[in-house]
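Protein sequences, first through last, are from chains A and B. Heads up: the first sequence runs through residues 1 to 478, numbered per our numbering. Heads up: the second sequence runs through residues 1 to 478, numbered per our numbering.
In case anyone wonders, no lab produced these hints; they're calculated from the structure. There could be a bad hint or two in this list.
Same chains, same names: a pair is fine if it fits in one copy or spans any two.
[Said to hold, decoys possible] Quick list of in silico lysine to any residue cross-link-like pairs, SDA-like style, CA-CA up to 20 Å:
1. K324 with D133
2. K388 with V362
3. K56 with P291
4. K324 with L65
5. K56 with E395
6. K136 with D326
7. K476 with T12
8. K318 with Q229
9. K56 with N69
10. K136 with P291
11. K85 with L355
12. K27 with E192
13. K226 with K254
14. K20 with V144
15. K396 with N281
16. K254 with R152
17. K324 with E68
18. K335 with G423
19. K85 with E52
20. K318 with G102
21. K63 with C314
22. K335 with R156
23. K370 with R109
24. K28 with K136
25. K200 with E395
26. K83 with G102
27. K329 with D250
28. K329 with G351
2 protein chains.
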Amino acid sequence: MSDQKKMVEEITSMEVDFAKWYTDVVKKAELVDYASTRGCMIIRPYGYAIWENIQKDLDARFKALGHENVMMPMFIPENLLQKEKDHVEGFAPEVAWVTHGGSEKLQERLCVRPTSETLFCEHYANIIQSYRDLPKLYNQWCSVVRWEKTTRPFLRTTEFLWQEGHTMHETAEEALAETEQMLNVYADFCEEVLAIPVVKGRKTDKEKFAGAEATYTIEAMMHDGKALQSGTSHYFGDGFARAFDIQFMDRENKLQYPHQTSWGMSTRIIGGIIMTHGDDNGLVLPPKVAPTQLIVIPIAAHKPGVTEKAQELCEQLKSVCRVKIDDSKQSPGWKFAEYEMKGVPLRLEIGPRDLENNCCVVVRRDNREKIVVSLDELNTVIPELLQKVHDGLYEKALKRRESMTYDAHTMEEMIDIAENKPGLVRAMWCGDLACEEAIKEKAGLTSRCMPFEQEHLDDVCPCCGKPAKTMVYWGKQY
Amino acid sequence: MSDQKKMVEEITSMEVDFAKWYTDVVKKAELVDYASTRGCMIIRPYGYAIWENIQKDLDARFKALGHENVMMPMFIPENLLQKEKDHVEGFAPEVAWVTHGGSEKLQERLCVRPTSETLFCEHYANIIQSYRDLPKLYNQWCSVVRWEKTTRPFLRTTEFLWQEGHTMHETAEEALAETEQMLNVYADFCEEVLAIPVVKGRKTDKEKFAGAEATYTIEAMMHDGKALQSGTSHYFGDGFARAFDIQFMDRENKLQYPHQTSWGMSTRIIGGIIMTHGDDNGLVLPPKVAPTQLIVIPIAAHKPGVTEKAQELCEQLKSVCRVKIDDSKQSPGWKFAEYEMKGVPLRLEIGPRDLENNCCVVVRRDNREKIVVSLDELNTVIPELLQKVHDGLYEKALKRRESMTYDAHTMEEMIDIAENKPGLVRAMWCGDLACEEAIKEKAGLTSRCMPFEQEHLDDVCPCCGKPAKTMVYWGKQY
């Protein structure tokens, strides 16, 4: 890092401008750089290391449930994209088109995959003949492209990284169970690994995935009260199977269409981490995906034995956590600010007096608590503290969500909350598209999900007064 | 798998038609399926699992040397691609062009990356200011696109997966050392992990990478005597740095251009594995990347205790290797053929008589050797046998290469060998492009590399009779 950049720059306060705070953090914590390719981002080593940790954990969860990874082409011929009517209507307006290869004009345009249902279906038609071929539980890690008008790093970019699971099953029941199971995998992952509490629910027909019969979602609340759709799992029934003529011989020797799911989580979740846990000092990373979990900083490093001891502790702690040492010439104060900006969960300070006392000071990033730890106990205390940071982050985020979630019983209340209180609104709904659209128009709120955990708030829909069918989370979203 | 497919089909013999043998193997071992996207392949779970094992090993080697992973955009704006003259000349004829996003025509075409030097350089210009910012040791795992006229799975496809390392250094010496180091990483990986012996050397100017000052290569010999370029490492000098205006303040406070390298290995190497080790019974996988290293097959599975014991052994062996059991209803003979086709390195057979004798039979895929092993010793014997398979594969491939490599002292000899003996030809060369082209025209041989291990075969170039400068490996290539 050059001298110039060695000054830790101030970032905009969340209170002053949340959007500016966000872009300050992604830039100054060196998560991304902007590329000259419109709407695309460069994910820098520190950001990519977070994604690698996410991948490793999710991939192990998928494989433990029997899923296998594959690679599909990145291009979809136009006729293939068009095979399922709702799907193409949903995606065609936002795809990038390849029209030339080398110097020749292509006879048929290729779109750069915005999602790969059509490619998987074409392949499944080749390889599924019998019930013995089912289920097929495939996943791929790749990047996809959607031609977005306005973009923000991680949250909405023309190209993003994700995984997309695509499965085929003998029965509707089995496919529905898979859809739910994978939503639970995402929810557990968010809570257990990212310390992000989520609401699990189903999307309304208006908000569901193009071509799906049902879309399940997990929704997280960001610092500013807006919702982030953090992972989705779709049930397709046999719609795509019919469009792509995928049939199998069932146990009674009859031809049947299989039932399908797909599910995805993307680099967008890194935006979710930033906006859930971050603060005015920068990034705050959940320990389980932090590239560096503990930074060791020698204090008065020129004093005899200090740097050596710090290096020794760093080596020793490698067996229990991802640890680095900063024994550069920068001042301790500069280093504190730098690693706070980068969201490193724990900082270990060790100076001459600590050496005498056979101890060190460990500081938590999430609440700045300082803990004096005996050097003899470090190897057990550090993993415990990492877990405490995780738990602390989760609790804080959950409390924030609870304190920023409001029940509304009338349209007036909905509008009032939407205008004055950032957060989520819980209200009953009759199930009509007209009311959903009216709420969007009048209150500026969209339906985030119909949560699996329902409460009966009222008998009627606050919009039309007709009998209410379901409770909905409404909100503003990323 | 459906009943129909449960018959193990014959594959074409290598002797009869090597190209057909190859496509039979990739298809019937279920490594790939063809996609309707022209020239693109679907990598199926079994093939992708090999790639994941390759990735895991290579990635660890890169990281151990200080490299960090990043993600660059998949699109390159046309003006960016054009900044380095030699580079654009080399790649422009074979790129795919995106001309439309959604419904709008783009003001500037974007090419789908064929390689990412230009993107890395643009980013490096942003983040390199001082010698303290150097070296930058970046790598990315991604897919790239080259518009190939004729394609074959793994060997030459429009889209392929690879890793591309891109590094920047203070001095030419340091960059050259990196170029060599990474070639050695590839060579070690091929020999230690894939059991593929390689020749390390330098490409002639004619064969080097577009924009590079020097290209180093590892060349492997396939079963049919053709060479496969299996990994390359390029030294760029400061050519790209000048084109992209990347400068840093050096230790004497002077502005300097940094020196650059790039290096890559791709899914093509899976084609190399197939064509180095495979035989007329199908795939033969080197144990270190085989998704399944040992398949357990119960014999007379209906007899009391057999299946249970087989399952127990499978569980037990999970701690020492990647093991699976096939206790399906197919006959043992069918299973033998199936897992030979899939190249599983070891097969463990256990039947009623083995139970009585507390032993089992282990069969090596590479040479069909049958070994009776006491059940008490399995956990130590299996890893030893896996190593023996690895060593056996390597020895066999090395002997084949040696027996199919010929020295030529005259043009007549070169032509004679090229026409009558599949393999590599070693001959001296004066260094002139004219002779390189003449050898291509007259003998149909291209220069594979100028090996680091030189021998002085003759004083003169066999083509022109002028003083010879270097020994070259000539051959036909994939």
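Between K226 and K254, at a C-alpha cutoff of 20 Å, which is it: within one copy, between copies, both, or neither? neither (49 Å within a copy, 49 Å between copies)
Between copies, within a copy, both or neither: which fits K370 and R109 at Cα up to 20 Å? neither (60 Å within a copy, 55 Å between copies)
Since the copies are identical, ignore which copy is meant and state whether K63 and C314 lie within 20 Å (CA to CA) inside a copy, between copies, both or neither. between (33 Å within a copy, 18 Å between copies)
With 20 Å as the alpha-carbon cut-off, assign the pair K335 and R156 to within, between, both or neither. neither (32 Å within a copy, 49 Å between copies)
20 Å Cα cut-off: does K136 pair with P291 within a copy, between copies, both or neither? Result: close only across copies, 18 Å inter versus 34 Å intra.
Alpha-carbon proximity context of K28 and K136, limit 20 Å: between (43 Å within a copy, 18 Å between copies)
Copy assignment of K335 with G423, given that the CA separation must stay at most 20 Å: neither (35 Å within a copy, 60 Å between copies)
Given a CA cutoff of 20 Å, do K136 and D326 count as a within-copy pair, a between-copy pair, both, or neither? Between copies, since 18 Å is at most 20 Å while 48 Å is not.
Intra- versus inter-copy proximity for L355 and K85 (alpha-carbon distance at most 20 Å): neither (70 Å within a copy, 59 Å between copies)
Check K318 against Q229 for me: Cα-Cα at most 20 Å, and say if that holds within a copy, between copies, both or neither. The answer is neither: 35 Å in one copy and 39 Å across copies each exceed 20 Å.
Taking 20 Å as the upper bound on the Cα-Cα distance, should K56 and E395 be classified as within, between, both, or neither? neither (25 Å within a copy, 35 Å between copies)
Can you give me the call for K318 and G102, within, between, both or neither, at a CA distance of at most 20 Å? Answer is neither; intra-copy 50 Å and inter-copy 49 Å both fail.
Against the hints set out earlier in the document, violations occur for numbers 5, 7, 8, 11, 12, 13, 14, 16, 18, 19, 20, 22 and 23.
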